[in-house]
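With chain A fixed as given, assemble chain B onto it according to the hints.
2 protein chains.
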Amino acid sequence: MVRLKGFKELIPIEKALKLFFDAVKPHKLESELVPVQEAYRRVTAKDIIASRDLPPFDRSAVDGYAVKAEDTFEASPFQPKTLKITERNEIGKGEAKLIWTGNPLPKGSNAVVMIEHTKRLNENKIAILKPVAKWQNVSMRGEDVKAGEVAVKAGVRLKPWHLGLLAALGIEQIEVTRKPKVAILATGDELIELGHKPTENKVIETNRLVISWLCRELDAEPIDLGIVGDNETTIREKILGGSREADVIITTGGTSVGKADLVPSALQNINESTIIAHGIAIRPAMPTALAVISNKPVIVLSGNPVAAIIGFEVFARPLIL
Amino acid sequence: MVRLKGFKELIPIEKALKLFFDAVKPHKLESELVPVQEAYRRVTAKDIIASRDLPPFDRSAVDGYAVKAEDTFEASPFQPKTLKITERNEIGKGEAKLIWTGNPLPKGSNAVVMIEHTKRLNENKIAILKPVAKWQNVSMRGEDVKAGEVAVKAGVRLKPWHLGLLAALGIEQIEVTRKPKVAILATGDELIELGHKPTENKVIETNRLVISWLCRELDAEPIDLGIVGDNETTIREKILGGSREADVIITTGGTSVGKADLVPSALQNINESTIIAHGIAIRPAMPTALAVISNKPVIVLSGNPVAAIIGFEVFARPLIL
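Chain order of the listed sequences is A and B. Numbering-wise (our numbering), the first sequence opens with residue 1 and increments by one. Numbering-wise (our numbering), the second sequence opens with residue 1 and increments by one.
Misleading hints may appear alongside valid ones.
Said to hold, decoys possible - Restricting the straight-line Cα-Cα distance to at most 27 Å, the calculated cross-link-like pairs of lysine-lysine (DSS-like) are: (1) A:K84 / A:K107; (2) A:K197 / B:K153; (3) A:K181 / A:K159; (4) B:K15 / A:K159.
These aren't lab readings, by the way, just hints derived from the structure by calculation. Since we're looking at a predicted model, the values are computed, not measured.
Extracted from the complex, chain A is given alone in its bound form (with noise of 0.2 Å):
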């Protein structure tokens, strides 16, 4: 069917926009387990819990002397505390033992005075000039995530802190959804592939390797249809088998009202397909259609460059991200 007149009217964005998303039900994606290494801008699937504490025990946060807090509290540079330097693992009153960051504080410790507010006086003997307070730069055992805690929330997608706080719980793989998969489609006679000659009235293909670039920029997976010509049965094959490959599917050219009602009418030939929107006010990308085959979202974008471009930032951005 050839439609030799224009649009009788165009619908305005936000309608086609609501009418397309509340035909649309999306399927929850099904997740998968990917290795901590690999999960960055994933997004969890679910609450990750902490199965252990974090920091792991009690341990100091600066280089210096482990202290029981009590034994500083009148130090000052003009009256110094004295103290016994200790090498062993437990601290008894009026004794100090040297740590550094990250090390567990030794047993009877409750504080850590940092190296440069105390004076080494001998081999056994140690100045304190400050006072400290209880668990004063100490990192406490659990301070950041207490095991049974909610360590990262599901529906996050993972930064590289993320990924950092749950390697440091000894997480190795992540409970993520899958990304989404966009089948890409362009349609058009005139379209060859990049690195064939463009012979006389041909021109090259490229809407594919934009929008799978945008689809990666969101994080989906692009599946690529290919080129096929205008013929309406090879368009409505393609379409179909995408459907059934992809969650989304997005078709470029063949959406004007000239020959190129070809995708439009290609999916009203699929049984299982609606057509939301045909035509909509927006300029350029005003041809683009809107369907939905079995649930899935259809994008019918222009073969225009600039106007697929816009097509899929109105209609298919929203839906992917």
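Frame of chain A, contents of chain B only:
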């Protein structure tokens, strides 16, 4: 050498950055050819010149009738102009030819009337309801880029639309600067690899994972130098090795004032190395050190995960970006 006192003075951040950037004489990164399909976010090494016009021919921007604009000048819905439909690829005075978006203009035509503004009278005649100006609804040959013009300048980080433009010009490979390589070393006797069961007083090393992803976000290529214990000789050897392979060297741990002068000490014992700053007025991340080995920047970060991220953001990001 174990320095058992604090930093004598802390360098202000701005001063440290200036000294560091002055000392690093970045070598120009070599360029490499990558397929346009893989060039996303890579940086062009030189101006990319179009070898052909784009569009490659005058083509219709709409579905409609190619005409001589002069033949439509007084058309209106009340006084349509009637034109004779031709199938030939050349238009004479008073003739029109049906063409689709993207089709080349037939010889002799200089405008396209949108199909919406026409009325088919019979097999041979069409009524024009609205005039078109010369070249209206035509994408003219070379109007996007002309052969010989710069399509994309040197130093541009390629986005999807750049790739589309380059592919449309038939460009299959792009000369881009190679990614900067960042070698990352973790130091500390207390550290174990993710996947190993943490025994008493040991913690899982996570800084390399986090910094690797921070590097990838900046389109740099991380090189994992692994974990080394608190041994100055091993640290020195690892850093030297990294400086041969990478453009930037980042270490974590071993920067504070206790045992932790280990990395700065190791750097002092490398002939080609100069320490620019050690102890910076920033919290956390105060013990950060900055050095240069044979013009290559070395960033010595704290082992504390938060301090390491902050040190990276302040000192590595502006260098890599």
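**Report entry** Those earlier numbered hints the structure runs against, lowest number first
**Finding:** Violated: hint 4 alone.
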